[in-house]
Structure formats: C-alpha cells, structure tokens
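Novice: Spelled out, the chains give:
Protein chains: 2
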Amino acid sequence: MVFTASLDAAPRQVDLILTGGTVITMDGAHRVLRPGAIAVDGSAILAVDTPEAVAAQFTAPDTIDTTGKIVLPGLINTHGHAPMVLYRGLADDLALMDWLTRYIFPAEAKTVSAEMVAAGTRLAALEMIQSGTTTFTDMYYFEEEIAKAAKAAGLRGVLGETIIKFPAPDAKTPADGLARAESFIKTFVGDPLITPAVAPHSAYTLDSSVLLACRDLALKYKVPLITHLAETQDEVRIIREQSGLTPTAYLESIGFWAPRTVAAHGVWVTDEDVAILVKRGVGVAHNPESNMKLASGTAPVPKYLAAKVALGLGTDGAASNNDLDMFEAMRQAAFLHKLESHDPRMVPAPVALEMATMGGARVLGLEREIGSLETGKRADLIVVGVNRARQTPLYDPISHLVYASRGDDVETTVVNGQVLMRDRKVMTLDEASVLAEANRLAVLISQAVETKAAR
Amino acid sequence: MVFTASLDAAPRQVDLILTGGTVITMDGAHRVLRPGAIAVDGSAILAVDTPEAVAAQFTAPDTIDTTGKIVLPGLINTHGHAPMVLYRGLADDLALMDWLTRYIFPAEAKTVSAEMVAAGTRLAALEMIQSGTTTFTDMYYFEEEIAKAAKAAGLRGVLGETIIKFPAPDAKTPADGLARAESFIKTFVGDPLITPAVAPHSAYTLDSSVLLACRDLALKYKVPLITHLAETQDEVRIIREQSGLTPTAYLESIGFWAPRTVAAHGVWVTDEDVAILVKRGVGVAHNPESNMKLASGTAPVPKYLAAKVALGLGTDGAASNNDLDMFEAMRQAAFLHKLESHDPRMVPAPVALEMATMGGARVLGLEREIGSLETGKRADLIVVGVNRARQTPLYDPISHLVYASRGDDVETTVVNGQVLMRDRKVMTLDEASVLAEANRLAVLISQAVETKAAR
Numbered sequence: 056m057v058f059t060a061s062l063d064a065a066p067r068q069v070d071l072i073l074t075g076g077t078v079i080t081m082d083g084a085h086r087v088l089r090p091g092a093i094a095v096d097g098s099a100i101l102a103v104d105t106p107e108a109v110a111a112q113f114t115a116p117d118t119i120d121t122t123g124k125i126v127l128p129g130l131i132n133t134h135g136h137a138p139m140v141l142y143r144g145l146a147d148d149l150a151l152m153d154w155l156t157r158y159i160f161p162a163e164a165k166t167v168s169a170e171m172v173a174a175g176t177r178l179a180a181l182e183m184i185q186s187g188t189t190t191f192t193d194m195y196y197f198e199e200e201i202a203k204a205a206k207a208a209g210l211r212g213v214l215g216e217t218i219i220k221f222p223a224p225d226a227k228t229p230a231d232g233l234a235r236a237e238s239f240i241k242t243f244v245g246d247p248l249i250t251p252a253v254a255p256h257s258a259y260t261l262d263s264s265v266l267l268a269c270r271d272l273a274l275k276y277k278v279p280l281i282t283h284l285a286e287t288q289d290e291v292r293i294i295r296e297q298s299g300l301t302p303t304a305y306l307e308s309i310g311f312w313a314p315r316t317v318a319a320h321g322v323w324v325t326d327e328d329v330a331i332l333v334k335r336g337v338g339v340a341h342n343p344e345s346n347m348k349l350a351s352g353t354a355p356v357p358k359y360l361a362a363k364v365a366l367g368l369g370t371d372g373a374a375s376n377n378d379l380d381m382f383e384a385m386r387q388a389a390f391l392h393k394l395e396s397h398d399p400r401m402v403p404a405p406v407a408l409e410m411a412t413m414g415g416a417r418v419l420g421l422e423r424e425i426g427s428l429e430t431g432k433r434a435d436l437i438v439v440g441v442n443r444a445r446q447t448p449l450y451d452p453i454s455h456l457v458y459a460s461r462g463d464d465v466e467t468t469v470v471n472g473q474v475l476m477r478d479r480k481v482m483t484l485d486e487a488s489v490l491a492e493a494n495r496l497a498v499l500i501s502q503a504v505e506t507k508a509a510r
Numbered sequence: 056m057v058f059t060a061s062l063d064a065a066p067r068q069v070d071l072i073l074t075g076g077t078v079i080t081m082d083g084a085h086r087v088l089r090p091g092a093i094a095v096d097g098s099a100i101l102a103v104d105t106p107e108a109v110a111a112q113f114t115a116p117d118t119i120d121t122t123g124k125i126v127l128p129g130l131i132n133t134h135g136h137a138p139m140v141l142y143r144g145l146a147d148d149l150a151l152m153d154w155l156t157r158y159i160f161p162a163e164a165k166t167v168s169a170e171m172v173a174a175g176t177r178l179a180a181l182e183m184i185q186s187g188t189t190t191f192t193d194m195y196y197f198e199e200e201i202a203k204a205a206k207a208a209g210l211r212g213v214l215g216e217t218i219i220k221f222p223a224p225d226a227k228t229p230a231d232g233l234a235r236a237e238s239f240i241k242t243f244v245g246d247p248l249i250t251p252a253v254a255p256h257s258a259y260t261l262d263s264s265v266l267l268a269c270r271d272l273a274l275k276y277k278v279p280l281i282t283h284l285a286e287t288q289d290e291v292r293i294i295r296e297q298s299g300l301t302p303t304a305y306l307e308s309i310g311f312w313a314p315r316t317v318a319a320h321g322v323w324v325t326d327e328d329v330a331i332l333v334k335r336g337v338g339v340a341h342n343p344e345s346n347m348k349l350a351s352g353t354a355p356v357p358k359y360l361a362a363k364v365a366l367g368l369g370t371d372g373a374a375s376n377n378d379l380d381m382f383e384a385m386r387q388a389a390f391l392h393k394l395e396s397h398d399p400r401m402v403p404a405p406v407a408l409e410m411a412t413m414g415g416a417r418v419l420g421l422e423r424e425i426g427s428l429e430t431g432k433r434a435d436l437i438v439v440g441v442n443r444a445r446q447t448p449l450y451d452p453i454s455h456l457v458y459a460s461r462g463d464d465v466e467t468t469v470v471n472g473q474v475l476m477r478d479r480k481v482m483t484l485d486e487a488s489v490l491a492e493a494n495r496l497a498v499l500i501s502q503a504v505e506t507k508a509a510r
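Residue numbers (the working numbering), protein chains in the order written: chain A, 56 to 510; chain B, 56 to 510.
Hints were generated in silico from the structure; no laboratory data involved. Keep in mind that this is a model prediction, so the values were computed, not measured. Even for Gly, the Cβ is constructed at its ideal location relative to N, Cα and C.
Which bits of chain B does chain A cover? Going by a derived footprint, with three or more residues having C-beta under 8 Å, they are:
1) 148-157
2) 172-185
3) 340-347
4) 371-381
5) 395-401
6) 453-464
Far from chain B, some chain A residues (derived; all Cβ distances over 12 Å):
7) Val87
8) Ala169
9) Phe221
10) Asp231
11) Leu300
12) Glu307
13) Ala362
14) Val474
Listed next, the stretches of chain A that the computed footprint assigns to chain B, with coverage defined by at least 3 CB atoms under 8 Å from CB atoms of chain B:
15) 176-187
16) 376-384
Please build the complete structure, drawing on both the sequences and the hints.
Specialist: Dropping the structure here:
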C-alpha cells in the first residue's frame, strides 16, 4: 500500500528538464518566471512552471541548470537564403545593380550547385544554431539540399523552392521550377521539422500565369507561399509601368494570395496596401539590416503594428547583412523605428522580442506549434548567458536580450526537443569540417567573380 | 672581429613582436600587409613590415603569433560617459524627458559618488579592453576617479570634468566645477595615458560666461575642450529661443571654440554650421546608436565627409546604446548613412574603419600619436579573430571588420605597448571582482529609482 502510494506520487520521467533560470515564455499573458523551469518530453513541452512545481511533477535523466541565465523561445527567422552565407562579404558598399550584376549573379551562375547549397546550408545552420535561431525561412535553389542539411543539423525550416523567370541554377524555365517545387513539397510534406513551401521570387520577376500557378500549388498542398514584396523603389516602378498598380495592389488584382503567404520586406507599401495585407492575412518578414545595408528603404513597421499585420523579423541572406544573427535583427528593428518615427518609445524591447518569436510564428502559420514556451508546443528554446561585462548589470531581462545581447551569448539551443548546442558545443555538425568545406568553396567563388571582373 | 660583425648583424632586441597576421595599418597609403608584423619597444611602434623584414631586424622575448587573424590600430571612442555602464538597461524605450527625469537624473542624484564612478569605470574599462577600444573620451563627474581607473586598467583616455549649471554630484556650482576641472587638468597634464580636458556640458546647460571660462581653461593648459553639440531638436529650439541662432552659430558668436574642440553628436547642423566647424577645426564625434535609440536624429555624415570635418565615432554612455562596442558603432554608421542617403555606397567599410581609428585620432588632436600602425606612433593595437562560423568565409578583411565582426572577436588588446588582454584574458583587471562590484552597486541603483518612482 505504501509502495503504491509512493508510485502514485512519483514524478513522471521525461527526457529533459531545464531549471533555475529566468524563463521568458512569450505566452499570451507574457509570463516571466524568475526563476522558472521547463519539462520536455520527446519533441514537446510538458510544463512551464516554477522549479519547485516542475520538480514535484517530473524527473529527467538530463537536467540543464539555467541558473543566472535566460531561457526563451528559439528565435524565428522569417526571411533568408541560407546558402548565400558563402557570399558573405564577397562584395559590399556597391550600388544594387553593380552588386548584383558584377558579383552576386556571376557567382551564382558559376557556383550554385547541389554541393554548394548543401555546404552553404551547413555553414548557415552552424551559425544559426550558435546564435539561437531555431526556425528559419528560406527561398533558394536546390531547396531539397537545404531541407536535408537542415534536418541533419536538427533545425526547423519553412523552405520554398524558388521560381523565377530567368534560367535558374536548378531549373531552366519557370515550368521546370514549378515541377521541382511540387516534387520538393511532396518529399517533405508532413515532416516534423520541414514545412515545405513554394517560393515565387517576386511580382517583377515572374509573369502572372506563373505567380498563379505557384498560388495553386500552395493551395493544393496547403503549404506556405513565400515571395519578395515591395523591397525597392525600382520594383515599385517596374510593376507600376506594367500594371499601373503598386506591387501589393497588383498581386491583389490577380488574386495571388494564399492562406499562408509570407511577404518579405514590405518596404514600399501604401496605406491601401497595408489594408490588403491585413484583409488577406499576409504575414510580413521585416529585414531591417538588409534594408539598411542595401539602402532599400524603411518598412512602415509602426503602421504594420497598428494594423495588427502578422509581423516577423528576418536577416535576409548573409550577402546583404552580413550575418544571420536574429539578436541583431531585434536590436536594429528597435533602433531603426525609433529613429524613423522620431519616437524613442517605438518598437520597445518587448515588441522586438515578440516579432522575433510569436510574431514570426504567426507569419509562418506555425503559431500553434512554436513561438512561445507553453505546454503542448514543440520544444524549441534557447538558453542565453547574461553575465559578460557588456551585459552587466542586468535590470530587465527583455531589455538585455534586445539591447545588450548577441547570438554569441546563446549557450544552449534546443529544437523539437533535441539539444543541438550545449554550452556552445554544437552536437549535430562538425564545426571544423563545415568551416573547411566553406573555405574551400570560397576559393572557387572568388575565382568565379574575378574571372567575370577581368573580362 | 667575427664577434663584432655578428653583433652588427644581430637583430635588435625589443619588447614585443606580433607576426603572421593581416596587418591593416590605416596609414596614409592605407597599406595592408598580408601577412605583416609589428615590432614594439616600450610604448612605441618600431616597425610595421613583412614578417621576414621584422624578423631580420628585431627579436623579442615575447612574440604573439597572429596568423589567420587581423591586426589593426586600437579603436578610438570619441564620446561617452564611462561610469554610466552602471545604468545600462536601467530604463529603455521612454520619451527622452521621462527617461531623464524618472530614471537617469534620480539615479545620478542618489548614486553618483567617487566610489560609484571608480567602479563604473572599471566595468567600462573591462568592456572596452574586451572589445578593442584603446582610447576613450569621457565627460562625467569625479573625473579624477575615471582617470585613475583608466590608468590602472592601462587604457588611454581623453577625459574632461563636466561643468553644468545645475548642482552636480561633485560640484554645487559651475564655479566649483571649473575649480575641479583646473585641478584635474593640473594633476594629469603630461601623463602618458591621460589627456586631461575640460568638458562644458553644452550650450543649453551653461551660461555664456561659463562656456568662455571653460574655453579659457582649455587655452591656458592647451587641452581639449569637449562638449555636446546640436544633439536634439529640443536643444536647437532652446538655443534659438535664447539667441535666435543655431547651437553652432551661437557658440561661434560668443567665440567659444578652442584649438582642440570635440563636439559630440552634431546632428542638427545647417550647411553654415558645418562651415563653422570646418573653419574652427572642430572635431565631431558621431554616435549613430545613441542617436537612433534616443530618436535624436541623423547626423549629416555625408556632408561632414565631403567638407573634411575631423569625424570620429562614439558609443555615448551605455545607458543609451546599450554597450561600448566600437565595432557596432562602425557597422551602424555604415548602415545608417546608406539608408538615409538612399545610397548603398555611402560610408563604405573602409570609411567606417577610418572614422573609428584615424578619424577619431584627428578629432582628439592625437593624430600624431595614435590611430594608425606606423613607426614612431604609440603601440595601441588589437588582434581580431576572424574564423568563427559567422565570419566564414573571408573575402575582404576590412569588410569583415565592419560587417561581420564584433568586440567579442578581439583576442588581444595592447595600449602604449602594454598587453592589456591576451587571448581574451584581461591582465589589468580582475573580471570577477569588477562584475561583483558592479552588481552590488546595481542593487543600490535599482532601489534609488524605485524609491523615486514610488513617490
């Protein structure tokens, strides 16, 4: 009887407990536990509570002591091109057309291959795991290689094969691209980590028939539709010349939107455009660093926030950033919109953090799975150290995450219940070989660009 | 005879050689040695040349292998308030007057003391050494404590006792402040590390008689004159109401400028104001992060560059940044002015690096002593690692310093020939005790602000 009673009271064994740190849940009540604990079993979060309450209910063979650290949902990058890490710093400080035609396009034409995409994604995955990104959004070529590399690294991805009207490295025509996209979706639909998507490049690089075929593919498989939208004034000019409409109004006019559309950038939008995005439930991926570095313009984030557009943050490709650090995206979003709105209260730290977590989850249509630390959600979380000199003292943990911390402060990264990095040691990738492979490819990329420049 | 001959040919013994890395000299020819070496003896640079040439001429008991790393001049922070690191993140995202009156002023009134200033400067020095700043500019209270802490840490400083018309923590009246400033200058004039200065707070917080007394003190001792200038639109409004002039024109009208005037911010200046700054040889400290976070505005850096104003970068105090990382200041300067000028070619990486090195030296009137790696200059230099995942691959070292590196990548910091940090180990400060002391004071600061808020 005593034995049975004690069995009844025994804590349930789960896979992993993190306990002792400040837990920023990003749940609907914006609960912060100081200290808190999280119980993880399989891929799921079973409990987020005080250390005492979790200890009373659960036991685990693996416990991570997070005392003195901050635990928060893994960061969600809503826009990028992972393999372009290999073009990081290949060319900077150029007019956009020079940058594209003299460097990026020649480098892509000569060096994008299945092998390059796989190697580039491994490097990007290493950087993302090391900087606390647990879900990334991607549109590039050979997207199946990106999916395979992401899965091997343990990262969650919303990944779309890019379709564009020019010959692409993996598809001579948009029709070929569509076929590749469908095959890609079929391969990965239902995957626990990969959400396949279709990624028409943009309204100015595709005819309406292909844009609509992409939409149909998204509808057929109920997958996200990812595109660039209103990034530059040149894009607006091109679409206006063709249609007399803004890019957003043009896409509205052809009936482009799918239920889960992710629009990257959304810089040059009118109030009417914002209303369209709200009406169609389009999520916007805001990329403050890329938009600044390429001088694209400033997205009207205060308007998006006021209109309750689903709004996330992205880094864009590392060729125009030059990193994949979502902490920098948060800080830059906060800085940029204070400056632009002439109001230091704009995009306060909690809003920047919301954009990088729950906001991103909403943009991707994954708000029931990720974006906050709540019972029943996937266990995507990070542990951030806050005791460096440049983080001392600490008055407010959310301020510290946005204004005083960086990707390098992430100590532990967990995705879908799997510990991908622990105490800065990445478990799923061999760092030395990933870097060596990237450096080997960089030699070929340098040669490709130099050859072009010499012509 | 043989003995004498071999003595003639023997390499000269010096204190320190750094060899094997990419050396970015920032000299007049913008020489980059790949690889290069530097010989240091006492506080001076004796040679900057190829590893072979340096090895043929010099030998040293201490050699630092910099292979695969970048060696560059130490970064020069041209504006800040070091002890305010203790208010880092105390309050963010507030309207400026709320931030000042509810948090910063009460915290300063209750907590600024000689002890707090010394402890805050030790924390700031730790962060600066760890992030590659070798010279910092400061205006605060109890400036003698800042000078003593900087010297103990081994940092170079251009430090000015602040004079302001309100009662200050260390001086009840501007007259008291002037007396303190003169005493401070006398104590530190001729110091190898400390350049004493006088720091009238600003044109809107001092009467013209005190502004001119500060100028006279600068002239009398031939020291820099440091002030805030045209930071906010409110400041412009106040000065306009008083004088009908812009802040810059007002200071011109009263004859304020000294030969080495450092003007922090310079955001709200007209073309006529820029011409005044050029004519008077005033240096401008540009603080892109603080100006963004406080929504102060954007300094017209392209105009300053075109007019050849001496232009450096600063972090401002960590309460409005929230760090002292000059790498972030460089990146933000590059990003911000691309965006504002709608031109991605604006403030390219080499210009950002120039502002953080030689530009800063010119602003401070120290261009013959520091800012570049050249024979005869002081040995202020840093070694930066560039092999992390987020820094891979590397195509252009200067792009990498500005767009892909951070203070945390600094491995070794040398000031005046003294190694202050080696392989991330700070030699001149006990990190644990500096952090513990800061955390202890942070409790008092929290209480001071809470007490005020509760009133």
